[in-house]
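Participant: Protein chains in written order, with this note's numbering: chain B, 2 to 260; chain F, 66 to 328.
Simulated from the structure, these hints should not be mistaken for laboratory data. Glycine included, C-beta positions come from ideal geometry on N, C-alpha and C. Among the clues, some could well be false.
[To be verified] From chain F, some residues computed to sit far from chain B (all C-beta separations above 12 angstroms): (1) Gly81; (2) Ile139; (3) Ala162; (4) Trp180; (5) Ala303; (6) Leu317.
[Unchecked claim] In silico SDA-like cross-links for lysine to any residue, where the CA-CA straight-line distance does not exceed 25 angstroms: (7) B:Lys73 x F:Glu218; (8) B:Lys73 x B:His90; (9) B:Lys73 x F:Ile217; (10) F:Lys207 x F:Pro160; (11) B:Lys129 x F:Trp315; (12) B:Lys122 x B:Gly134; (13) B:Lys114 x F:Val234.
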Amino acid sequence: MNGAAVEVMGVEKVFGRGSEEEVTALSGVDLTIAPGEFVTLIGPSGCGKSTFLRLIGNLLEPTAGSVEVFGKSAHQARMDQDYGMVFQHAGLFDWRRVAANIELPLELRGWSKADRSDRSKEMLDLVKLPDFGGHYPRQLSGGMQQRVAIARALSFEPRLLLMDEPFGALDEMTREHMQGELLRIWHETGTTVVFVTHSISESAFLSNRVVVLSPRPGRIHSIVEIGLGERSEDTREDPRFFEASTEVREALRAVEDGS
Amino acid sequence: MNAGRLRVLMPPLVTGALFIGAWEGGVRVLGIREFLLPRPTSIWAQLTSQWPTLRHAGWETGRIAVSGLVVGIIAGVLLAFFTTRFRTVNEGITPLAVAVNATPIVALAPIFNAWFGITGTLSNQAVVVAVVFFPVFINTAKGLTEVHPDEIELMHSYAAGEWTILREVRIPNALPFFANALRLVAPLSVIAAIVAEYFGGPQDRIGNVITSNAGFARYDAAWAAIAVASAVGLALFATALLLERVSMPWRLVGGESESTTKP
Ligand SMILES: Nc1ncnc2c1ncn2[C@@H]1O[C@H](COP(=O)(O)OP(=O)(O)OP(=O)(O)O)[C@@H](O)[C@H]1O
Ligand SMILES: [Mg+2]
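Looking at chain F on its own, in the form it has when it is part of the complex (with noise of 0.2 angstroms):
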């Protein structure tokens, strides 16, 4: 088990040493000046003197995506059922969303604000909760239709009904088109958050902590905000990862290629 596990872990972190360690060398050896692409080790410097302003930031930012992942996938969830629930909204619904889907929602911070009010954090999280709400909709949605008709056809020789079949089959069936979802939103909603913050709301957040710092040149320290936000977008990757597993222990057993055809 542990060995297994230090396995797993092993080729990522090396990995990642060599990367920062070429990086650091690389700077020093080709003699790029500081404000084009800082060393780690500076940015390490200011990851530490600053630490206080960049936790404070770094939590509500992470505030901002979290309340809006949740209200976006609540959203998201929601709305799938109910379309296919009734086959007609679902024709009209589901083309509409993939074409918003498509268009790039983070555009329409500047007119959240404009809606929602530019101190507040409300638009920055209606960005989010924009953001989240789309893949959400359109992959749950998908997983609860495109169920295999020999399964439907199985419950409705036991005489079951709708409902019996939507919690018997269509969720199950679903959870795996969700997860995908999750993972992809989950670090999508740090990204959304951070650009909505460019635009408008408390002057204490990540995004304000890099254009301001960025403002000044002062780019080690913007540099060690976004360094602040990857992090904050790994923890919420990891928790979809996590959650996924939790939830469908059917998919980590037998053959592991299989496990990645699946949506």
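Next comes chain B alone, as it looks inside the complex (with noise of 0.2 angstroms):
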């Protein structure tokens, strides 16, 4: 398999077209993703970044240009089942256990009882809520329940990963884990991260590269390249990390200020 794991290419998204509340929500962007790669999409709240995500896994169609996912269309891709998804919002089912919740793209795979259960067990210990797989979501505090949602997204080992604010539910210091995590499942997986965050240290810490966005219309603004290699714990001290931060905040600050 060669070529991109992602390819964008020239893509608009206008919504309510030819209505009073008309919206562009993206315009003119172009980003090509390779696989196995780690991007990170930050910007101002409303400039696209979640449409970005849904264009990508065909939940939205563009309004003009084209989305490629391992070089075939986005809807191909989706009805291959090549990408999962973690919502901005959990969206765990309440009338499903929260084992069952993590089991459904499973289900719906065709995996057997026995394999299902195996693994929803192996993903609750991987989000660090192995006693919970008998409760149901509202027994689960929002936190939880977002981790539940990546336990989802990961259970079947998807080649892309579309992640829509993950961790933004959750405390600082599970974040930092979830984040450990992450890295940890990619690396091992090879698995393509397409990654939308608020938070400057976290797109520096996670990504190859950090997609900068700029609002009304949403456009790429800058891309920065993060140079910092294989990660540990360590890297959250390390001085070339806060250079990278520094970097990714004065790309937001050009934002700001409209340059």
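Make the complex out of the two chains shown on their own, each in a separate frame, by following the hints.
Facilitator: See the structure below:
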């Protein structure tokens, strides 16, 4: 398999075309993401980050331009269940217990009951909720629910992970733990990740490249290369990590200043 | 567990006992005449002396109510599925159903007698079916369609088709709405059956027992029949609650206040 994991070409997305509330969420966006790359999208609220992810996941159709995933149309990639998505809101099903929520995508892929339950146990350990498989989502806190949603997206080891502010609802320590786990999984599976965050340090810590978006209409303002190499917990105190964070921060300032 | 159940049951039991006591005492002390408001003890006396007639009447009326309930629920649910599957049908039928639902359907009882015959039970059952059908249809259709867009998006991200979405999302989402309708129509079916019996059908039912006794100024006996009717209605309501509890275990957990805010 050669070629890009994600190829976004000249994409524009207009909501409510022709109506009074017409919004151009994204305009003239080009981006190529290589297989195995970790790319973060960052930018002010409302600049089109979630829209960007939905276009890659073919949950929205672009108004103009095209999106290809693993060399096929985004639609085909969705049909082939090539990606796992973590939404901005956990979106667990109230009527399924936590383990059954994690097993849903596996069920739809026809996994056996035994395999499913083994996998959901592994996943619950991973997100540090080993004792909560039998609970219902409403018995969990918001952050715990978000971790279940992450476990659900990781459960089938997708080739592409689309994550919309997945750690936003977590406390600092859990967040750092989840960041470490995500990097470990990324390393082990070689999956491609497109990650949305509001956190400058998170973007610098996790990714190979940080895509900085500017609002109204959403455009790619600049792309910051992060040359940190392999991460460990020590990276958080590495001067080069601070330099990378500073670079992202300056790019964001430039967006705010409208330059 | 037992102590908890007792704590739940105690307040209504105490209130009920106080209510009946005040009724009995009030009628005696104020000297209200029995034909205006019989004392609970007189009603009780009628209940025991006329028990075979009342039991038969309650059973038969209950059968009308339950058979009408079953048919009305099945029809309502089927049409709800049908309309949510076909959006254009939905847009045509739902406003109509809402309008029909707002008309007092029991008023149709005399007309149903002309359609389905005045001597048999069919016209009575038809009234119950008509009363039950609309709330079940409207609520179920609402539950099947008012699904959070995020949940549909998630299913699309799994390349799930409409049938899978129906099974995994829409049906579980509709259950609380359906349960609400059930709670509403279970006692309503008894009311509909009795009102229908006022206008026609066999003469040994609760509705007739009430009208004939009231006609002869035997108000205590009429009240005894009413007591039987409310017992039947209560039994159906309790069954609806029980079904709701066993079919939706996830609603029993966690914040109790939260479960009342949802439909
Ligand atoms: N379904 C929709 N219909 C109409 N407008 C939409 C829709 N989804 C998004 N928008 C608009 O598109 C723009 C971008 O929204 P989007 O959700 O992508 O922003 P975001 O960068 O994810 O913001 P946040 O950081 O707050 O999550 C906003 O102006 C929003 O109002
Ligand atoms: Mg967003």
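Participant: Tell me the hint numbers this structure goes against, listed in increasing order.
Facilitator: 6, 8
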